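Undergrad: Work from the hints to combine the two standalone chains into their complex.
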Amino acid sequence: MDYILEMKGISKSFGEVQSLRNVDFRVGANEIVGLLGDNGAGKSTLIKIITGYYRPDSGEILFRGQPVENLTVPKARALGVETVYQERALADLQTLWRNIFLGRELSNRLGVLQVKRMKDETQRLMVDQMGYTSSAVNPDSVIKTFSGGEKQGVAITRALYFHAELVILDEPTMGLSLHETRKLLNFVRDIKEAGKCAVFIDHNVFHVYSVADRVVVLDRGQIAGEFLTKDITHDDLMDKMYRVAQTGSLD
Amino acid sequence: MTARVENSKPERVRLAALMQFARKNGLQIGIIGVMLGIWLLFIIGASDTFLKPDIYRALMTSVPYWGVIALPLTMVIIAGDIDLSFISIMAVGMVVFWEAYETTSSLGVAFAASLVSGFLVGLLNGIIVVRLGIPALIATIGTQFFWRGVVEVIRRGQGESLTLARDTVLRDVLVSKVGGYVPAQVIWMVLVALAVWFLLNRHKLGAHTYLIGDNEASARLMGVNVGRTRMLLFALVGVAAAFGGIIQSLDVWYFWPNLGEGYLMTTLAAVFLGGTSVFGGTGTILGTFVGCFIIGAIQPGIIAIGLTGYWTKLIYGLIITVSVAMHAFVRRRME
Numbered sequence: 000m001d002y003i004l005e006m007k008g009i010s011k012s013f014g015e016v017q018s019l020r021n022v023d024f025r026v027g028a029n030e031i032v033g034l035l036g037d038n039g040a041g042k043s044t045l046i047k048i049i050t051g052y053y054r055p056d057s058g059e060i061l062f063r064g065q066p067v068e069n070l071t072v073p074k075a076r077a078l079g080v081e082t083v084y085q086e087r088a089l090a091d092l093q094t095l096w097r098n099i100f101l102g103r104e105l106s107n108r109l110g111v112l113q114v115k116r117m118k119d120e121t122q123r124l125m126v127d128q129m130g131y132t133s134s135a136v137n138p139d140s141v142i143k144t145f146s147g148g149e150k151q152g153v154a155i156t157r158a159l160y161f162h163a164e165l166v167i168l169d170e171p172t173m174g175l176s177l178h179e180t181r182k183l184l185n186f187v188r189d190i191k192e193a194g195k196c197a198v199f200i201d202h203n204v205f206h207v208y209s210v211a212d213r214v215v216v217l218d219r220g221q222i223a224g225e226f227l228t229k230d231i232t233h234d235d236l237m238d239k240m241y242r243v244a245q246t247g248s249l250d
Numbered sequence: 000m001t002a003r004v005e006n007s008k009p010e011r012v013r014l015a016a017l018m019q020f021a022r023k024n025g026l027q028i029g030i031i032g033v034m035l036g037i038w039l040l041f042i043i044g045a046s047d048t049f050l051k052p053d054i055y056r057a058l059m060t061s062v063p064y065w066g067v068i069a070l071p072l073t074m075v076i077i078a079g080d081i082d083l084s085f086i087s088i089m090a091v092g093m094v095v096f097w098e099a100y101e102t103t104s105s106l107g108v109a110f111a112a113s114l115v116s117g118f119l120v121g122l123l124n125g126i127i128v129v130r131l132g133i134p135a136l137i138a139t140i141g142t143q144f145f146w147r148g149v150v151e152v153i154r155r156g157q158g159e160s161l162t163l164a165r166d167t168v169l170r171d172v173l174v175s176k177v178g179g180y181v182p183a184q185v186i187w188m189v190l191v192a193l194a195v196w197f198l199l200n201r202h203k204l205g206a207h208t209y210l211i212g213d214n215e216a217s218a219r220l221m222g223v224n225v226g227r228t229r230m231l232l233f234a235l236v237g238v239a240a241a242f243g244g245i246i247q248s249l250d251v252w253y254f255w256p257n258l259g260e261g262y263l264m265t266t267l268a269a270v271f272l273g274g275t276s277v278f279g280g281t282g283t284i285l286g287t288f289v290g291c292f293i294i295g296a297i298q299p300g301i302i303a304i305g306l307t308g309y310w311t312k313l314i315y316g317l318i319i320t321v322s323v324a325m326h327a328f329v330r331r332r333m334e
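As they're listed, the protein sequences go chains A and B.
Each residue of the first sequence is one higher than the last, beginning at 0 in numbering that gives the first Met the number 0.
Each residue of the second sequence is one higher than the last, beginning at 0 in numbering that gives the first Met the number 0.
For reference, chain B alone in the conformation it holds in the complex (with noise of 0.2 angstroms):
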């Protein structure tokens, strides 16, 4: 009798951990749940494609130029903003790039340049964003619809080949293939997201996003510099979106000057499924960037299971809607 109150006693006590784990992590239990379960469903659906190592290094060669976005994205996200300018920024980033090279003839300094204007660009978001007070959902049409027109007069229509990247230190530490398979920039993307979660969860900046998303008023009470960490944010997308410009565009040896576009809704997406409230205040970088390869991978695996691309739009607008519904839902049933 006693030795069975001894027993169930820790016994209860484990349960009771698990519960709070569950609890605690249960986006990202949900969000790793639903990719094996997409994952078995292209296993099963097309076989041929999803069992061989062909369509991993596709993923791992493509994710990865927006993927490297959506991570910093979250945090904008989380603390209650948007960033839909992001595919502009990656072309913007690309012309100063290249206009550093032709300058300096230096791939490390157009490196360089094309970060820094990243980040003055983002930069300029969170500016008009937090100083103006424009909604950053209608800040950000504005600045990508802007900068887009930028790229356009200055390139006026020209891309330019980058093959001159060729057997330099640049190109390979960015996009060769490790090992001769693991493509370099998902190793970036995973630094990326080891980074993002960093700031996120283990510095104030993050403490201060999760705050500002969850109740700027009560920010603003305790003395939380709610514009400065805003505006920083935008910043790191920013620099985040001229680096994926820069990796795309390396990858492929040429810079189009419509780089980005297409990749809004996926980035967007990623985001979203991943878990992160469009209300703000939650969210997390594991979520994302599972989020990125759920969304990479619905491109090949609905072609692959035989439905045509047709279908592409109509589900990545299916997941978008789903995931926001659903947050939507669970808010109501906790107020």
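If we strip away everything but chain A, and leave its shape as in the complex, we get (with noise of 0.2 angstroms):
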């Protein structure tokens, strides 16, 4: 299998907190990883050293077989990597369009901005991907007024505009509505048939299993094990991710 992602030994520590140790990860061409784990597992510290945003203290990340040096936000991106929050990173008082190209502004190469291309972009992704109609909502509009739900969507069609090769969806679901969430999932799904690939992680077990090609636990800051959720039924899944937390050990 050709991996887009390749992490090999990943350790990271916060003071006296070793948060992962000697992690390997990868994520193959077109698959789509669900990581599971507990509060606390390493899920978000794993992800955020893919996105450039933390240097591991030690180990090596490939991608495309290629190994890659100092990762930084803006090096992840350009390989490919576009990032869903958990924060969703967004900034509130700002306007929609501000949101969507937050961090990488639209600008000639003196850094003046080029506003009204933004405004007609955002305006054309409202229509096209995020599905908004009313006339309330446009691209001057200030965020702070969104429901969660369609926070997620400024922070998914972000994502998506700048063509993402690896989609990374942190705790998505947190605070969507049942049919917010079928949207999100779908949207997971819309990603492997585009040919993309994406790691997926969630407390619910549910959600990952559904739409995850593989699973791979993550427990204090190790890999306790990983399926391929054609191999495991759900129930199966849950019963050892129970375990994993009580005993440490999927078995």
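Hints are computed from structural coordinates only; laboratory data are not their basis.
None of the values given here were measured: they were computed from a predicted structure.
Honestly, I wouldn't trust all of these hints.
Claimed, not checked - Far from chain A, by Cβ distances over 10 angstroms, these chain B residues were calculated:
{"no.": "1", "residue": "15"}
{"no.": "2", "residue": "43"}
{"no.": "3", "residue": "45"}
{"no.": "4", "residue": "53"}
{"no.": "5", "residue": "61"}
{"no.": "6", "residue": "131"}
{"no.": "7", "residue": "144"}
{"no.": "8", "residue": "167"}
{"no.": "9", "residue": "171"}
{"no.": "10", "residue": "179"}
{"no.": "11", "residue": "183"}
{"no.": "12", "residue": "194"}
{"no.": "13", "residue": "201"}
{"no.": "14", "residue": "209"}
{"no.": "15", "residue": "253"}
{"no.": "16", "residue": "277"}
As the list claims (entries may be wrong) - Cross-link-like lysine-lysine pairs, in silico, DSSO-like; alpha carbons within 30 angstroms at most:
{"no.": "17", "chain 1": "A", "residue 1": "47", "chain 2": "B", "residue 2": "203"}
{"no.": "18", "chain 1": "A", "residue 1": "229", "chain 2": "A", "residue 2": "7"}
{"no.": "19", "chain 1": "A", "residue 1": "115", "chain 2": "B", "residue 2": "203"}
{"no.": "20", "chain 1": "A", "residue 1": "191", "chain 2": "A", "residue 2": "7"}
{"no.": "21", "chain 1": "B", "residue 1": "312", "chain 2": "A", "residue 2": "143"}
{"no.": "22", "chain 1": "B", "residue 1": "203", "chain 2": "A", "residue 2": "74"}
{"no.": "23", "chain 1": "A", "residue 1": "150", "chain 2": "B", "residue 2": "203"}
{"no.": "24", "chain 1": "A", "residue 1": "229", "chain 2": "A", "residue 2": "143"}
{"no.": "25", "chain 1": "B", "residue 1": "312", "chain 2": "A", "residue 2": "118"}
Said to hold, decoys possible - Beta-carbon label-pair distances, calculated as ranges:
{"no.": "26", "chain 1": "A", "residue 1": "136", "chain 2": "B", "residue 2": "181", "range": "41 to 49 angstroms"}
{"no.": "27", "chain 1": "B", "residue 1": "144", "chain 2": "A", "residue 2": "73", "range": "54 to 62 angstroms"}
{"no.": "28", "chain 1": "B", "residue 1": "312", "chain 2": "A", "residue 2": "127", "range": "52 to 60 angstroms"}
{"no.": "29", "chain 1": "B", "residue 1": "181", "chain 2": "A", "residue 2": "174", "range": "40 to 48 angstroms"}
{"no.": "30", "chain 1": "A", "residue 1": "23", "chain 2": "B", "residue 2": "148", "range": "43 to 51 angstroms"}
{"no.": "31", "chain 1": "B", "residue 1": "134", "chain 2": "A", "residue 2": "143", "range": "56 to 64 angstroms"}
{"no.": "32", "chain 1": "A", "residue 1": "14", "chain 2": "B", "residue 2": "134", "range": "17 to 25 angstroms"}
{"no.": "33", "chain 1": "A", "residue 1": "119", "chain 2": "B", "residue 2": "316", "range": "42 to 50 angstroms"}
{"no.": "34", "chain 1": "A", "residue 1": "17", "chain 2": "B", "residue 2": "136", "range": "35 to 43 angstroms"}
{"no.": "35", "chain 1": "A", "residue 1": "233", "chain 2": "B", "residue 2": "133", "range": "49 to 57 angstroms"}
{"no.": "36", "chain 1": "B", "residue 1": "134", "chain 2": "A", "residue 2": "16", "range": "24 to 32 angstroms"}
{"no.": "37", "chain 1": "A", "residue 1": "69", "chain 2": "B", "residue 2": "133", "range": "37 to 45 angstroms"}
{"no.": "38", "chain 1": "B", "residue 1": "177", "chain 2": "A", "residue 2": "69", "range": "19 to 27 angstroms"}
{"no.": "39", "chain 1": "A", "residue 1": "231", "chain 2": "B", "residue 2": "136", "range": "53 to 61 angstroms"}
A virtual CB, placed ideally from N, CA and C, is assigned to each residue, including glycine.
TA: Next comes the structure, spelled out in structure tokens:
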């Protein structure tokens, strides 16, 4: 199998706390990988290393087989990694178009913004991707009044706009309604159909099981095990998750 | 019947567009309303003064001394920081101006050296705040005292006459009376306002300024270079402070080593009155610009109206407190 992302022997500590210990993690081409684990298992730390936000203390990261040194957020993006963060990473007091282009505003070489282009693109995305038709919302709307699902929609649309190869979704269903959650899971299936790959992190085992090709279980900073979803039933996976949380071992 | 429906729809759309314009520009409309209200009050209460041109010439003369600093300071405050040291940077800039002139006998070199020194001193503020992680409020109280102290040690209380700048290009360009009436410094203040407006609204630096003040964690996650942006904003205030110091000193023909003292409250009051949130994330250049002239008019206004000058500080204090409290109130209602 071709791997888009390979991480080997990744360790990361914050002061006294060792968040990740010698973790191997990989994502294959056109593969949806579910990342499961209890609170504090190290899921968020792992994905923030992939996105270049944290540097690992040790270990190796390869994109398409090529080792990458000193990964930063802009570097990870250039490699096609787009992230929908648990925190959404939006700026509530700013307009929709500023949020869509947050941190990578369209500009000329001198840094002068192309405001008209960004607003037009936002308008197009609103109709094509987010399905907004109401005239009450436009690119100049400030997003503080948006619902949780609408904000999530902004974060997802943003990730897609920049032609992601690998989409990382960190607890994307948090705070969403049932309907919004179903939309989100369909969105993950769309990623698969488009031939891209994704890392999907969620507390809800059922959500992860229903969309992932492979599930990786993280426990106290280490990989406890991994399963192809076609080889394991949802109930078995659930049992193993409980056992890991209690005993630290899958069996 | 059909005709009525056809008529009412564009009207409704127009009304909706008007509503959105009002919501989007509420702060700016508000500050212009405040300005007109206070203006009317002064015209009624002291028509002798406020219906004659002299008062307006006086405002255009003295407000730019610190108004040019309030404009970039607005960006620092939008980013969630603050700078209290600019009043000392004004004096540092003039010390450098004088020393450079003494050495090279060139006003051009002195001018450039002064601006560069302002940039560097401002950048140092930024480095202290960002790299050492000291809250800007505390860090810039420290640097305010430090740089004032440096000026006092070097100058030992001595001022300098600047009559040597008589009939020079530099003084003519910076502070002469254009058309015999309009002080050049107010034109410079307009130019600085346009430049800062452009940076804030049409440049990446400004986009990142809003993001950092709004949600620093989001800005970091999305790859904004938070530290560099904040440091650069402090440096811009430094340049503006040196510029303001030069304008003031050339205009009054004298460099006083206590240059800048007395401008701290007016400058901050103008920014906050102009609608910039002390919590960061929102604020406009138009608001600060108008705020500067309102604050500038208050002292002559209350004296012309018949109150004593003892009222000035009370009213400045009231303005700062009320405008900051209004933001806290609006913010709480939003949550």
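Undergrad: Could you run down the list of hints and mark each one as holding or not?
TA: So, going through the hints one by one against the coordinates:
no., hint, verdict
1, 15, "violated, 7 angstroms"
2, 43, "holds, 38 angstroms"
3, 45, "holds, 39 angstroms"
4, 53, "holds, 41 angstroms"
5, 61, "holds, 34 angstroms"
6, 131, "holds, 19 angstroms"
7, 144, "holds, 34 angstroms"
8, 167, "holds, 33 angstroms"
9, 171, "holds, 31 angstroms"
10, 179, "holds, 37 angstroms"
11, 183, "holds, 28 angstroms"
12, 194, "holds, 13 angstroms"
13, 201, "violated, 5 angstroms"
14, 209, "violated, 6 angstroms"
15, 253, "holds, 40 angstroms"
16, 277, "holds, 14 angstroms"
17, A:47 <-> B:203, "holds, 25 angstroms"
18, A:229 <-> A:7, "holds, 25 angstroms"
19, A:115 <-> B:203, "holds, 14 angstroms"
20, A:191 <-> A:7, "holds, 25 angstroms"
21, B:312 <-> A:143, "violated, 37 angstroms"
22, B:203 <-> A:74, "holds, 19 angstroms"
23, A:150 <-> B:203, "holds, 23 angstroms"
24, A:229 <-> A:143, "violated, 41 angstroms"
25, B:312 <-> A:118, "violated, 45 angstroms"
26, A:136 <-> B:181: 41 to 49 angstroms, "holds, 45 angstroms"
27, B:144 <-> A:73: 54 to 62 angstroms, "violated, 39 angstroms"
28, B:312 <-> A:127: 52 to 60 angstroms, "holds, 57 angstroms"
29, B:181 <-> A:174: 40 to 48 angstroms, "violated, 57 angstroms"
30, A:23 <-> B:148: 43 to 51 angstroms, "violated, 58 angstroms"
31, B:134 <-> A:143: 56 to 64 angstroms, "violated, 26 angstroms"
32, A:14 <-> B:134: 17 to 25 angstroms, "holds, 22 angstroms"
33, A:119 <-> B:316: 42 to 50 angstroms, "holds, 47 angstroms"
34, A:17 <-> B:136: 35 to 43 angstroms, "holds, 36 angstroms"
35, A:233 <-> B:133: 49 to 57 angstroms, "holds, 53 angstroms"
36, B:134 <-> A:16: 24 to 32 angstroms, "holds, 26 angstroms"
37, A:69 <-> B:133: 37 to 45 angstroms, "violated, 28 angstroms"
38, B:177 <-> A:69: 19 to 27 angstroms, "violated, 54 angstroms"
39, A:231 <-> B:136: 53 to 61 angstroms, "holds, 56 angstroms"
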